[in-house]
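Asks: Chain by chain, the residues run as shown.
Protein chains: 2
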Amino acid sequence: MRATVMYGAGDVRVEDVPDPSLREPTDVLLRITRACICGSDLWPYKSMEPVGETGDGARMGHEFIGVVEDVGADVGTLAKGDVVVAPFVFSDGTCDFCDEGLHTSCRHGGFWGAGDVDGGQGEAVRVPHADGTLVKLPVAEDDALMASLLTLSDVYATGHHAAVNAGVAPGKTVAVVGDGAVGLCGVLAAKRLGAEQIIILGRHEDRTSLAREFGATDVVAERGKEATAKVRELTGGDGCHSVLECVGMEDAIVTAIKIARSGGSVGRVGVSQVPSIPLSMESFRRNITISGGIAPARAYIDELLPDVLEGRIEPGRVFDRTLPLDETPDGYRAMNDREAIKVLVRP
Amino acid sequence: MRATVMYGAGDVRVEDVPDPSLREPTDVLLRITRACICGSDLWPYKSMEPVGETGDGARMGHEFIGVVEDVGADVGTLAKGDVVVAPFVFSDGTCDFCDEGLHTSCRHGGFWGAGDVDGGQGEAVRVPHADGTLVKLPVAEDDALMASLLTLSDVYATGHHAAVNAGVAPGKTVAVVGDGAVGLCGVLAAKRLGAEQIIILGRHEDRTSLAREFGATDVVAERGKEATAKVRELTGGDGCHSVLECVGMEDAIVTAIKIARSGGSVGRVGVSQVPSIPLSMESFRRNITISGGIAPARAYIDELLPDVLEGRIEPGRVFDRTLPLDETPDGYRAMNDREAIKVLVRP
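Chains as they are written, first to last, in the UniProt record's numbering: chain L, 1 to 347; chain D, 1 to 347.
Now the stretches of chain L that chain D is said to cover, found in silico as 3 or more residues with beta-carbon under 8 angstroms:
#1 263-272
#2 275-281
#3 292-304
Because the hints were derived from the structure by calculation, they are not lab data.
We put the CB at the ideal spot given by N, CA and C, even for glycine.
Pulled out of the complex, with its shape left as it was, chain L reads as follows (with noise of 0.2 angstroms):
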């Protein structure tokens, strides 16, 4: 089969790969009917050392929809033909981490492309724990909702995950730093949980527009000391209760603490480019919980799934552009340029 393959920074590629097939039976082999490319993704696009003439490539890709085609003989919930979206991490569903909604750190969970386990950004998969990973969705796999049933996958349920680590909650006052698709994401989750003013950080104008669209009221561009006056100057002087931090990078950590209200928490879901949070004293005297990490989106998708079904939310908005799997690697180009905001690849 074809599959997306990554050989160092900038060295993306689109080729041939054995064929999945099924090995454990809680197995289900899947033909990928969507998939798409993570802003993450877009780390080892800028920094990856090159593996080499003789050395293996990294299988890419952990978000995606795919229709069952076969099934290992311990599945007891997924038939052949079945619609499923797959969470960006897969989980058997029993211990006790996944009984906790902390899927990301299930016992016998791992992640999609490592070690023997397919990428998501190919035509199929074999997908271990089926049971506990896959989550059946009523639709038929050309459905029109599919853009935003594939963010169930992992950026809705991480810009979820951010809100509710920011401890989001009806007439708080909201802050998402990063204009990327999980922070846009994050704008509609916490409209969704009943924040009261959302604000945005973000320099692009295409993409602040759809955080507006979102539910945003109130869009920062500024950024370092500009963009935590401005958000103070949004909220009487105090910033905000919850902060989303949607970025990584250490100007956007700092500044999510500097933005919080004291007793408020900074909920992070983007991928920490950093060896410690900074201002360890600020957030100290002014009791501002750290909190998130990689998101479980499993434990969210049963939560998000009836909003996105009745079309009452539209995270599929964020994606800008779609591309055959074949031009996956000018995806990864086109985002990482900011030309695009994030990219649907149909295999």
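Fit chain D to the supplied structure of chain L, relying on the hints for placement.
Replies: Structure of chain D alone, referenced to chain L:
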């Protein structure tokens, strides 16, 4: 009156200072009957730059119980003769932060010993915002419970804040990093909140013995990687749901994060001695929440008081030395040399 003044590292003196008097109609004047030395007083005791021959020293002490001697015209809840405990930060009790239980961020609050406010290690103190700040105690000024009641001012409330921020609840596994007075009170707080397993990390046998009496189920005397390994061994490999960080040094924070169970929380109350919180990527990957900070003792006194009054918990056992006011400097020395866990001062 006599009061404690610090002039530089290791240079603490008890000397004559101006008698306090009412200034604002919301003040009361308090004759101090019990005070004490805080672990946080040892930071300047170790590091304060000498103020020089002509410089002003720093008025010390922020934990005290006293008897109301004079009452401002606008004070409504207190009368001459009342025995009261003061939290270690004064606060108006009426602003939005106070309403939210974050009295340490009160819009009109402040610290004892700062500016023109008296310190608590002295014979008397002017109490700003007395209605909001002070809590009346239904006991006589020499009641046998005085030591335990005094801990509501800071050390026990701070241990409780760590436990609350670490998410301690019935059935949880808990670790307490640090066997100082705050750590010991953290054990007591964790026990009171229903923790199932309470592991204290400390190397001083007199202290860890008291920790066991306070409810610790396990003692880990190792440090660093060995401590992490030991705590993991004691918790089936997973670490603890709730970690109370009661030190503030980098090593302690690293250990706290390492021994937290994925999805767990570190409640930090050790005054942060680091510019940034280490292990950003690890806490991100494992969804560990970093919470806590300077404890809003005032928010907790009403809840904690009954158990102390009825003798069900005895946090006052952290005091292992009592000195008259004039010997306060020797109390600093004794705590700094780890001869004493915590020193009570009787003006």
